[in-house]
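Participant: Hey, can you work out the whole structure from these sequences and the hints?
Keeping their order, the protein sequence lines are chains A and B. Residue numbering for the first sequence follows the working numbering, starting at 4 and increasing by one per position. Residue numbering for the second sequence follows the working numbering, starting at -17 and increasing by one per position.
Since the hints were derived computationally from the structure, they do not count as laboratory data. In this text, a Cβ means the ideal position worked out from N, Cα and C, and glycines have one as well. Certain hints may be false.
Listing some non-contacts, in silico: residues in chain B with all C-beta distances to chain A over 10 Å [as the list claims (entries may be wrong)]: (1) Arg28; (2) Ile84; (3) Ala88; (4) Gly106; (5) Ala113; (6) Gly200; (7) Pro235; (8) Glu250; (9) Thr255; (10) Glu267.
So the derived list for chain A, only partly shown, Cβ under 10 Å to chain B, looks like this [said to hold, decoys possible]: (11) Thr74; (12) Asp97; (13) Gly153; (14) Glu157; (15) Ala204.
Here is what each chain is made of, one letter per residue.
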Amino acid sequence: MTTFDLETKTVRDLNAALHRLPLTGSAAPFQILNPNGEHSIAVGVDADVEIAIDGPVGYFCGGMCRQARITIDGNAGQGVGENMESGLIHVKGDASQSAGATGRGGLLLIEGNASARCGISMKGVDIVVKGDIGHLSGFMAQTGRMVVFGEAGESLGDSLYEARLYVRGPVASLGADCIAKEMRDTHRAELYDLLTAAGEAGRVDVGEFTRYGSARQLYTFHVDNAGAY
Amino acid sequence: MCGIAGLFIKDKALEPQLGALLAQMTSTLCGRGPDSAGFAIYGAERPGTIKITVQGTDATDFAALAADLGRAIGAEVTFAPHWTHAVLFVPREKTEIAESWIDTRADIALVSKGARLEIFKEVGYPDDVAAKFGIPAMAGSHGIAHTRMATESAVTTDGAHPFSTGADQCLVHNGSLSNHASLRRELLADGIRIRTQNDSEVAAGYISRELRAGKTLGQALEHSLGDLDGFFTFVIGTEDGFGVLRDPIACKPAMMAETDQYVAFASEYKSLTGLPGIKTARVWEPKPAQSYFWEHA
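Facilitator: Rendered as structure tokens:
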């Protein structure tokens, strides 16, 4: 176990130590004390390592990470897990706006609420939010899955591509080209897998969720526009 | 970018520490706004007098200024100097004549007036500005602060926040307004005094006009959502109250914390970490297009 106290060391020291970890083989876990809302904690890590953060973090925590499994014992500021590529980020509290933005892979698990623009432009990441999400979530989301146990704010999935959004509670409004879709067996199965990953299999019923996806009516989806490329 | 902070004290035992807590909160926001800083402090009232805060330079002879003003209005004017600013204590019934006299002086500018409000703002690194004004030693019931990274107007003391456009009213702003020029003309026509070309002063003037029309702070904030075009997170102070509003898109960050002792606002959570009892405080992100306000009974 490597312990880093951010009262006495800088985020730059911490991230440099994390970046020195080998790309292959598992590394000894890291514990980070007194994060005090500092920005950019544990960004760009590419190692098989457990990172436990003992308190609230600022912006971009865990951004651009591969392999790492990060637990945040508190709230996370904006852009938690932005562009994450694999691994796990587990927020025990709430997440601010743009959680998981442009994320390419891995799982972002938020125990509380996420605010505006959750999963904006996501490109393959899975996001599970056990509370509510704010407005414009899933904006231009390309691939990946987002699961929301609570409510979604206005303009969910505006200009959505092929990401699949599963929401259990009410949705304030749908964005352009986002529609409710049928839940087929494949969707129930993938939702069950995501609930399992979130530790909620058997406790939350997949039948209570509605699937939202793209109606494929915007410019990009029209074959008449293919000649423009 | 800009950083904003506000602290509304509920437990009177904390009031002597207002300035120290606010300066500490602002210190963590230097990176969001390194070019200027400002502080609005709601301190003790002096019965029968109004506080007029004026801005001069570090060479201004405020003793002579107070004496000149006293002669001009035919009453005793005491003063408290703070670096480039001074708070002038003017008999309440002489407020208007004192304001007119100050307007004739090219070497000073009126920053705020009110029974309790004092505003101190200057160009410079926020930590230095706070220290030079002596903010950490100030007591009060609530206060708001701003660290500025200029976008819509020049880096001058005039462009620094907070802005005050009515007695005991002030506003700090993170964002930028698109329709400030047309709204400024409208407010000027309605008799609201706007002194600079800054977009945020227009927002302050807008709130002043709505309060003058009899709206509560909460109603004024809600009404502004229909009339202000742009990005904003505002923190607003009145003689007894403290309000927060974010625009519907909510690009600009905001965090709040509440305990039995205080309600606090900051652009970033980091700014709240030095407050007493923060680890057990209720911490939340204010929702877009929803007004929040607290008032002392």
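Participant: Would you mind marking each hint as holding or not holding in the structure?
Facilitator: Here's how the hints hold up against the structure:
| no. | hint | result |
| --- | --- | --- |
| 1 | Arg28 | holds (39 Å) |
| 2 | Ile84 | holds (42 Å) |
| 3 | Ala88 | holds (44 Å) |
| 4 | Gly106 | holds (24 Å) |
| 5 | Ala113 | holds (23 Å) |
| 6 | Gly200 | holds (22 Å) |
| 7 | Pro235 | violated (6 Å) |
| 8 | Glu250 | violated (6 Å) |
| 9 | Thr255 | violated (5 Å) |
| 10 | Glu267 | violated (5 Å) |
| 11 | Thr74 | violated (18 Å) |
| 12 | Asp97 | holds (7 Å) |
| 13 | Gly153 | violated (14 Å) |
| 14 | Glu157 | holds (9 Å) |
| 15 | Ala204 | violated (30 Å) |
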